[in-house]
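Asks: Here are the chains, one letter per residue:
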Amino acid sequence: MPRKIPWIIKYRPRRIGDVVNQDNAKKQFIQWLESWLKGKPIKKAALLYGPAGCGKTSLVEAAAHEYGLELVEMNASDFRRRQDIKRIAETAAKMKSLFARGKIILLDEVDGISGTADRGAIDAILELIRTTRYPIAMTANNPWDQKLRPLREASLMIAFKRLTERHVVTVLKRICEYEKLECEDKALYEIAKRSEGDLRSAINDLQAIAEGYGRVTYSLVRALSSYRNREYSPFEALQKMFNAKYIFQAKMAISQANIDYDTMMIWINEHIPTYYEDPEEIARAFDALSRADVYMGRIRRTGAWDLLSYVFDMMGPGVAFARRVYRYRWKAFRSPQRLQLLAQTKRSREVREGIARALAPRLATSRSTVKSEVIPYLKIIFMNNPKYAARIALGYNLTDEMVKWLAGHKAREVLMYMEKLSRKH
Amino acid sequence: MSSREALAELLWAEKYRPRTLDEMVDQKEVVERLKRFVKEKNMPHLLFAGPPGTGKTTAAHCLAHDLFGENYRQYMLELNASDERGIDVIRSKVKEFARTRVAANIPFKIVLLDEADNMTADAQQALRRLMEMYTATTRFILIANYPSKIIEPIQSRCAVFRFTPLPKDDLIGRLKWICEREKVEFDEDALEAIYEIAEGDMRRAINILQAAAALGRVTVESVYKVVGLAHPREIRQMIQLALAGNFNDARGKLRELMINYGLSGLDVIKQIHREVFSQEIKIPDEYKLIIADLAGEIQFRLVEGADDEIQLNAFLARLAYIGRKLRG
Chain C
1 MPRKIPWIIK YRPRRIGDVV NQDNAKKQFI QWLESWLKGK PIKKAALLYG PAGCGKTSLV
61 EAAAHEYGLE LVEMNASDFR RRQDIKRIAE TAAKMKSLFA RGKIILLDEV DGISGTADRG
121 AIDAILELIR TTRYPIAMTA NNPWDQKLRP LREASLMIAF KRLTERHVVT VLKRICEYEK
181 LECEDKALYE IAKRSEGDLR SAINDLQAIA EGYGRVTYSL VRALSSYRNR EYSPFEALQK
241 MFNAKYIFQA KMAISQANID YDTMMIWINE HIPTYYEDPE EIARAFDALS RADVYMGRIR
301 RTGAWDLLSY VFDMMGPGVA FARRVYRYRW KAFRSPQRLQ LLAQTKRSRE VREGIARALA
361 PRLATSRSTV KSEVIPYLKI IFMNNPKYAA RIALGYNLTD EMVKWLAGHK AREVLMYMEK
421 LSRKH
Chain L
426 MSSREALAEL LWAEKYRPRT LDEMVDQKEV VERLKRFVKE KNMPHLLFAG PPGTGKTTAA
486 HCLAHDLFGE NYRQYMLELN ASDERGIDVI RSKVKEFART RVAANIPFKI VLLDEADNMT
546 ADAQQALRRL MEMYTATTRF ILIANYPSKI IEPIQSRCAV FRFTPLPKDD LIGRLKWICE
606 REKVEFDEDA LEAIYEIAEG DMRRAINILQ AAAALGRVTV ESVYKVVGLA HPREIRQMIQ
666 LALAGNFNDA RGKLRELMIN YGLSGLDVIK QIHREVFSQE IKIPDEYKLI IADLAGEIQF
726 RLVEGADDEI QLNAFLARLA YIGRKLRG
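Taken in order, these protein sequences are the chains called C and L.
Last residue of the first sequence: 425 (our numbering), numbering continuous.
Last residue of the second sequence: 753 (our numbering), numbering continuous.
Any given hint could turn out to be false.
[To be verified] Heads up, simulated EDC-like pairs for lysine to aspartate or glutamate below, C-alpha to C-alpha not over 16 Å straight-line:
id : chain 1 : residue 1 : chain 2 : residue 2
1  : L       : Lys695    : C       : Glu280
2  : C       : Lys245    : C       : Glu373
3  : C       : Lys387    : L       : Glu659
4  : C       : Lys103    : C       : Glu70
5  : L       : Lys695    : L       : Glu659
6  : L       : Lys601    : L       : Glu577
7  : L       : Lys750    : C       : Glu280
8  : C       : Lys346    : L       : Asp491
9  : L       : Lys574    : L       : Asp614
10 : L       : Lys713    : L       : Asp692
11 : L       : Lys707    : L       : Asp692
12 : C       : Lys245    : C       : Glu165
13 : L       : Lys750    : C       : Glu127
14 : C       : Lys43     : C       : Glu165
15 : L       : Lys678    : L       : Glu659
16 : C       : Lys346    : L       : Glu681
17 : L       : Lys750    : L       : Asp692
18 : L       : Lys650    : L       : Glu700
19 : C       : Lys420    : L       : Glu659
20 : C       : Lys161    : C       : Asp23
21 : C       : Lys404    : C       : Glu373
22 : L       : Lys750    : C       : Asp278
23 : C       : Lys186    : C       : Glu153
24 : L       : Lys460    : L       : Asp491
Hint data in this document are derived by calculation from the structure and do not stem from the laboratory.
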């Protein structure tokens, strides 16, 4: 089976012209980049900022491709590791040899650096900007945070606008044509509306519905996707959580899901083996989830709700970082079987408990002994000798449900004999 | 007796349970001493100790019957340490029970506490205080498989009675007696097989006999068939699937078990623990210990209130990983 490529990668812009809208940002960025190539940079770094999914990273990637530059990418979680920063710094400081390709350095999502804990990280980036011989592009959703001020001062600020619905729909339509996908226009507008200008999430939504159902209709969109910036549907949340590059993304995915965290845990429980195939990754992911569950149990018992953040830590980032190598993996996440199973097992357990409750006093023993020592033999009788079983059922006033539970596929016969015996009365 | 009742059938473990001390044919020394309490209409606190199925609970009921008559149960509070939720529940039930007045001819009431050795040392200390507090009106009969797990101060306040596994002849004799009454056909060696399997546990022996009789003539084959059916192989299969690296199938098996058998997570993990050391699970001993340790951790988490399926999935996933490492 061919590996499914996420459409946000398959259809990412190859050329600057492919980046939709953002004409102002593009013009500023090209000017800045060319000033570097001419050897007289306006500023050594550029900070591209704007809402999620409006094309910041895409523009940097497309420009690298178009100008034949090697893209050296670094993410927020690397910033705090000294040796990685040094490694990048060395690459950046190295003189360009005559024949080597030029480079562009991308520091993605710098607003993911957490305030006080990562003081060193901002300094390291400033040092990098000071010494670099290659252009440094940074991206951020929100550049106005106090801690980013030194970066703002050292950078050319390039603003990206939120995409309009019309632009989002244009891109979605193009993808539908490439994929030969049956799509209702109204459905695409609905996806665009809900994406609130976030093209990446709109494409993810489109793919989730297309691959889950083979077509994209208005009613599917309404049922399956939710409004952005407020909350994610469970499958979006899972997609974001599992594929999170950084811890904060995995956490956010969990906390913004439109289902409660108990249910979210059930979704994750279901889909760890959907996302992971390697036994080690599966084991590590379940280990993290089971730790989250332990914290959850403690909260329920003691009411210590401040433990909840540990639950989030383990069920989101804990599960996402069970991977051995990072690779964006697209998976179709379905509604968990467990939700129905849970009701079934709960009922089954209640019936068993009911039988134990009915028998324990009569046999002068504990319910747990009845369950382990008596019920197994009772089941044998019920599944093999319906007539005799019917008489025992009457002897203990067992309900129809209990009889069904004990007799399995022989239930009808047992009930029939019970009926007959009662009529003789 | 209505015809409906005549048609109804009981489990033989109830039907043939002795009702009076005279009907108890085993544990002769114990029974003799208990009869003396009936004669004197007085007794100390009692501790009945011995393996399962040796008549401890039955003896307690017979004693109460002989002391108080047919309606003895209204003067006896039956508690089971493993069914009650903690010492606080036990305390409040005992308090409530001890407070009610008794008829003039009843010398004291009885609190029967089964599986007392399942209580923690702290809970047993609280129990000891309870025993002292109500000793004027109430006697306790504690029942335990392992008397060594009962704290010293309780043991010293009780008359201790040791119940022993039923001797072969007595157990087989009892089974024969039941077969005659029930008009069940049987092979002699089938009853021997039941004895071997039950290891002196009368309740288990009778349950096996009744289930085998439900299949027809009681033969060695039908006895082994019953025992095989009573202990489903699914748990073992689940472990083997996981160790073969097949996490998804193992998980499917787990779900099946929980639905079809109504097993709780605790039931499953305890059975896993028993299975891991069986010969059928072919992995090196040191890995069996690693798995046992892991099972213990999971059991503890479940007792603490964690989610059955998540914890057991974590266990199976670990097994699958261990299995992969073992196969290189």
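Asks: If a hint holds in the structure, say so; if it does not, say that too.
Replies: Hint check results:
no.	hint	verdict
1	Lys695/L <-> Glu280/C	violated, 25 Å
2	Lys245/C <-> Glu373/C	violated, 52 Å
3	Lys387/C <-> Glu659/L	violated, 28 Å
4	Lys103/C <-> Glu70/C	holds, 5 Å
5	Lys695/L <-> Glu659/L	holds, 14 Å
6	Lys601/L <-> Glu577/L	violated, 41 Å
7	Lys750/L <-> Glu280/C	holds, 9 Å
8	Lys346/C <-> Asp491/L	violated, 42 Å
9	Lys574/L <-> Asp614/L	violated, 37 Å
10	Lys713/L <-> Asp692/L	violated, 19 Å
11	Lys707/L <-> Asp692/L	violated, 23 Å
12	Lys245/C <-> Glu165/C	violated, 27 Å
13	Lys750/L <-> Glu127/C	violated, 45 Å
14	Lys43/C <-> Glu165/C	violated, 33 Å
15	Lys678/L <-> Glu659/L	holds, 7 Å
16	Lys346/C <-> Glu681/L	holds, 13 Å
17	Lys750/L <-> Asp692/L	violated, 28 Å
18	Lys650/L <-> Glu700/L	violated, 19 Å
19	Lys420/C <-> Glu659/L	violated, 35 Å
20	Lys161/C <-> Asp23/C	holds, 10 Å
21	Lys404/C <-> Glu373/C	violated, 20 Å
22	Lys750/L <-> Asp278/C	holds, 12 Å
23	Lys186/C <-> Glu153/C	violated, 44 Å
24	Lys460/L <-> Asp491/L	holds, 8 Å
Taken one by one, the earlier hints fail for this structure at numbers 1, 2, 3, 6, 8, 9, 10, 11, 12, 13, 14, 17, 18, 19, 21 and 23, listed in ascending order.
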